[in-house]
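Undergrad: Construct all of the structure, not just a fragment, from the sequences and the given hints.
Protein chains in written order, with this note's numbering: chain A, 139 to 695; chain B, 1157 to 1652.
Do not take every clue at face value.
[Claimed, not checked] From the derived model, a few chain B residues whose C-beta atoms are all more than 12 angstroms from chain A:
| # | residue |
| --- | --- |
| 1 | 1199 |
| 2 | 1345 |
| 3 | 1376 |
| 4 | 1414 |
| 5 | 1440 |
| 6 | 1493 |
| 7 | 1568 |
| 8 | 1613 |
[Said to hold, decoys possible] Quick partial rundown of chain A residues pointing at chain B, CB under 10 angstroms, derived from the structure:
| # | residue |
| --- | --- |
| 9 | 360 |
| 10 | 400 |
| 11 | 678 |
Source of the hints: derived by calculation from the structure; they are not laboratory data. Each residue gets a CB set at the ideal place from its N, CA and C atoms; glycine is no exception.
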Amino acid sequence: MDVMFMITCGRYIRSILYLLLLISVQFGPHAVEGVWPLPQAFTSSPERYPVNSQDFYFVYGRQSAAQQGCSVLDTAFKRYFSLIFPDHNSGRSASTMAIVRVTQMRTLLRDVSINQHMYLSHSTTRNGHNGSPADRLSWTIYLVPFCVPDNLSISAGKASLNAETVWGAVRGLETFSQLVYQDDFGSYFVNKTEIDDFPRFQFRGILLDTSRHFLPVQAILKTLDAMAYSKFNVFHWHIVDDPSFPYQSSTFPDLSSKGAFHPMTHIYTQSDVRRVISYARLWGIRVLPEFDSPGHTTSWGKGQPGLLTPCYKGGTPSGTFGPVNPALPSTYRFMARLFKEVSSVFPDSYVHLGGDEVDFHCWRSNPDVRVFMQKMGFGGDFTKLEAFYIENIVNITSALNKTSIVWQDVFDYHERVMVEVWRAGCYLCEVRRVVKAGLRVILASPWYLDQPGPTHNWARYYTVWPLAFKGSEEQKKLVIGGEVCMWGEYVDATNLTPRLWPRASAVAERLWSDEKQTSSVDKAFPRLQDFRCKLLRRGIQAEPLYVGHCKHEYQGI
Amino acid sequence: MANVQFGPHAVEGVWPLPQAFTSSPERYPVNSQDFYFVYGRQSAAQQGCSVLDTAFKRYFSLIFPDHNSGSPADRLSWTIYLVPFCVPDNLSISAGKASLNAETVWGAVRGLETFSQLVYQDDFGSYFVNKTEIDDFPRFQFRGILLDTSRHFLPVQAILKTLDAMAYSKFNVFHWHIVDDPSFPYQSSTFPDLSSKGAFHPMTHIYTQSDVRRVISYARLWGIRVLPEFDSPGHTTSWGKGQPGLLTPCYKGGTPSGTFGPVNPALPSTYRFMARLFKEVSSVFPDSYVHLGGDEVDFHCWRSNPDVRVFMQKMGFGGDFTKLEAFYIENIVNITSALNKTSIVWQDVFDYHERVMVEVWRAGCYLCEVRRVVKAGLRVILASPWYLDQPGPTHNWARYYTVWPLAFKGSEEQKKLVIGGEVCMWGEYVDATNLTPRLWPRASAVAERLWSDEKQTSSVDKAFPRLQDFRCKLLRRGIQAEPLYVGHCKHEYQGI
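TA: Below, the structure written as C-alpha cells:
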C-alpha cells in the first residue's frame, strides 16, 4: 500500500488516517475479526507478532509536531495502553523493558506544517538476554511530523501511524487497539497489516436527551467512551426541553433551580459541563449544545416568567403557556444573554438552535401576538412569525461567531444555517431539497435508536445509503454526516447503554467506512459480533445481536 | 382512608396491591437505631429459622438504605412480632408497633416485603410509616419468571439479582430453562460431557453443581422455588455433542446427512440415559415439579430416518408422528413420576397425558387453549401474553397489565385449575447486558395481575403512578429498572 492521500485541512476537524497495518484476519487461533468501523483499505497477512505489555511503549517521534505535554495524546496513550492490555499488572521484572528504537524512519520529512502529523513506529528486537523472554518484541510508538496522510503500519520491525491531526492520531490508536488480541494462553499478538483510513463523513454524531430524563454525568462519560470506540466525533447534547431544564446557567440560575426535576440533584453545574467537554475533547469528540426554541421550552418558563407565550381561551389567559413569545423585545434580550453564556461555555463553533415542532395554536390565541403579526405584516401566516423568530436567534449566534444548526422544520427561511433532517418518510427527498438550496445537511431520520425494536434491527440502521439521491457531486458534498438520536421519553441511565450499543456502531460504520465495502449485512454481522464482544471487554453494556457468547461476558451486574 | 393524598411524601402504596389495604394519614417516625424484628413469643418460627433470620437482615437494609450508626434519638422503637396464626397473612401497623401474622414463613417473607414498601423518607431523610392495616394473600399460587440460560449464558450474579427483583414483586417461581439447542451449560455429575462439549465454553460458561445449589438456596431464602426445565425431545442440539447416539440422525436421499434432529425415541438407550439424567436432576433440584418441555418438535428428521420408521411400524403408529411424540413424552413422564416429581409440559404435548400440568405459551386465542386444558381437568399455567423478551416500548407495561387470565367460560372448579402465570424472557436477544431493564418494571405489571384482586387493579390509569413509584423503589434497591415515561426518581440509577 503506497497510496498517497493528500488531504486539505478545511475548517473542520478532520481525522484522516492512513494506516499501514500488517495484520492477519484469517489465520491464527484467535485471529482478529478486523476493525470496526471498517477502514477504507485493509490488508493483512497471517504473520503475527507477540506483543508484551512489559515492553510496550508509546513514544513521540523526535520530529513529531506533537510532543510529550500534548494532553490529548498523552492521555490517549495511557488510556489505550489499558484498553490493549486489560489484564495488565506490573508483575514482571523491569529487566524485560528493553526498548530498541528504530533508527530508520521512513521519512520524507518536510518542514513545518500547520498540521500535526504522527508517525507511529513499532520497533522490535529479539531480547535473548537480560532475562527477558526471548521471543518478545518491544514496541515503541513514534510520532513525527509527516506531510503525508495519516497512516499506521505494523510489521516485524516496524509499526507506523501517520496522522495529520492529533484527533486522527486518537482514531488511529483506536484502530491499533482493536488489532491486538489474546490467544488462549493470554498472550497478546498483533498481525501484519496495512491500512489506509479516513472517515467518509466528517460529522458522526450521537444525540442524548437530558431533559426527558436526567442522565448522571457518569452515564454521559461512559457514552463518550463508547462513542470513541466506534469513532463517533460529535456529542449532540440536547440538554433542555419541555420536561426539565437541567443546565445550571450562571446568568439565569432560576432556569434550573425552578425548571430542573430537582434543583440540586438533577442539574448539570458549570463544572459538570466543563468536565463533559474536556473529557470529550480528549477522545476527539466535539460537544454540540442544543438549546431548542421557540417550541419545546415549557421548562424554561418556570425560571423565566414572561418568556413563554400565554395561551388564551375565550378571550382570557388560560393559565397555560405555549412557545417562546416572539412578540416581545425582552425575549431577544434574554436569548442574547443566554446564548452569550452558552457560546463561552461550549467552545464548539456550532450551536444547535432546535426550531422543531412549533405549535401555532397558542400564538394564534394570543391577542398581543396577533397585534404583532399585523404590525409586522405577516397577515395570518405564522410560519413567517416563526421565521422571524429564528432569524433573530441566528443573528444572535452569528454575532457570537457561531454557526447555527436547526432541525429541518425551519430550514426554509435561512441561508446561514446547517440543517438536520429528522422526519421519517422520504428523508432523502428532504436531504435533496436542502442541498439544492445550497445548505449543509446532517441526516438523523433513519437513526432514531430510541424507538424500541429488536436488536437485530441493527441491519436496518446499517443499510442506509445517505447519498442515494439524484444530485451533483457538489451537492452530495453538502451532506456532511449523520447522527444517532436517543430521545429520552423511555430512556434513562438504566437502559441507555444497551439501547445504544451495538446498534449505534452499525451507524458508525455507515458514516465512517466506504459504502461499497460495507454494503453486505452478512459480511458485517460476524465483525459486529466480534466488536460487540470488544465493547463488553471494555465494560460497555452492549446488548447481544443474536444467540451466542463472548469470551468475556458482561460483568457489571 | 388511604393516605396517598396527605403528608409531604406519602406512600404511593404497595406493589403488587394487597387484597385489603387501609391506611390513615397518621404517621409514625421510624428510626433505624430503634428498629428491631422480633419473633412473637408464640410463633412457631423462632430465631434459628434461617429464612426469616435472613429476611430480617435483608429487609432491615432495604428499609434503611442509608443506615449508619448515628444518633439515637427520642424515637419510638419498633418491634415486629411474628406470631403463628391460622388466619390469612395480615399486617397491622400502629404507633410503636407493627405486627405481622403469617401462616407460613413464606407468607412472612411476603409480609416483610409489604412492610418495607410502606416505610418512606421525608425530605430531611427521616423515616416514617403510616398507620396501616393490611390483609393479603395471592390470587394465584404460581407466579413465575422464565430465564433462558442456553441462548445466552447468564452469569450466576445476574440470576441472583433477578431473584432479588422477583421477591420485590412477590414472584415465587424461577423457571430455569437451563439448556436448549445453542448450549448446555448445566454441568451434570452423571454426564459431565454434556457441558464440557455442549456449553459455549466448558469452564467459563457453565453452571457447576455448586452454582446450582447457590441459586436454589438463595431463591429459597426469598421464598422462590426453582423449577428446572430440561426440554426434550426437541430443542436438544447441544445435548448431542456430549452424548453421541442420543439424537436422531437425519437422512437425505437414503443416507445420513450428517445433521441431527430431536432425541431418538426409537432407542432403549435414550430412555436409560433420560432416566439417569432425571434421577440426577430430581436430586439436585428439590422442587416437586420438573418441566419437561416438549415444545416445537419437528417431525422431518424422524420421518427421514429409516430406523425410526421401522420403530413406528413395530409400534403400530402408522405414519402419525404425534403418536411417536406422545409415546416419548409418556416414557419421560413415567420416569419423573417414579422419582415423585410432577411434570409440567408446554401446551404442544398436553393432549396425550393426564398426569401433567400444562403451560400455555402460544399466541392467538390463548384463553381458548386454557379452556381446552382445564376442560380436560388438567392444571394450567398461562405464559402467552407475557413474552417480555419480545421488544417493544416500555409503556407496553399496560399491555401486560390488562390481561384477564380467567376471562373464559368455565365453572368455578375449572377456573381453579388455572394455578398461575409466567413471564417468559427468552434469550435470543437477551443476556446480562439487557436482562434487567427488559424485565423490570414490566414484569412487575404481570406480578400485580397474578397477585392482586382483579377488580381493584383493572385501571391502567390508577396503576400508573403506583408503578412509577414502585420503579423508583426498584432503582433505590439497585435494580436497573427502565423508565415508564418522562420523569425522574429522587434516587436515579447509580450503577453506571
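Undergrad: Could you run down the list of hints and mark each one as holding or not?
TA: Hints and how they fare:
{"no.": "1", "hint": "1199", "result": "holds (36 angstroms)"}
{"no.": "2", "hint": "1345", "result": "holds (23 angstroms)"}
{"no.": "3", "hint": "1376", "result": "holds (21 angstroms)"}
{"no.": "4", "hint": "1414", "result": "holds (21 angstroms)"}
{"no.": "5", "hint": "1440", "result": "holds (24 angstroms)"}
{"no.": "6", "hint": "1493", "result": "holds (33 angstroms)"}
{"no.": "7", "hint": "1568", "result": "holds (40 angstroms)"}
{"no.": "8", "hint": "1613", "result": "holds (23 angstroms)"}
{"no.": "9", "hint": "360", "result": "holds (6 angstroms)"}
{"no.": "10", "hint": "400", "result": "holds (7 angstroms)"}
{"no.": "11", "hint": "678", "result": "holds (9 angstroms)"}
Consistency note: the structure conflicts with none of the earlier hints.
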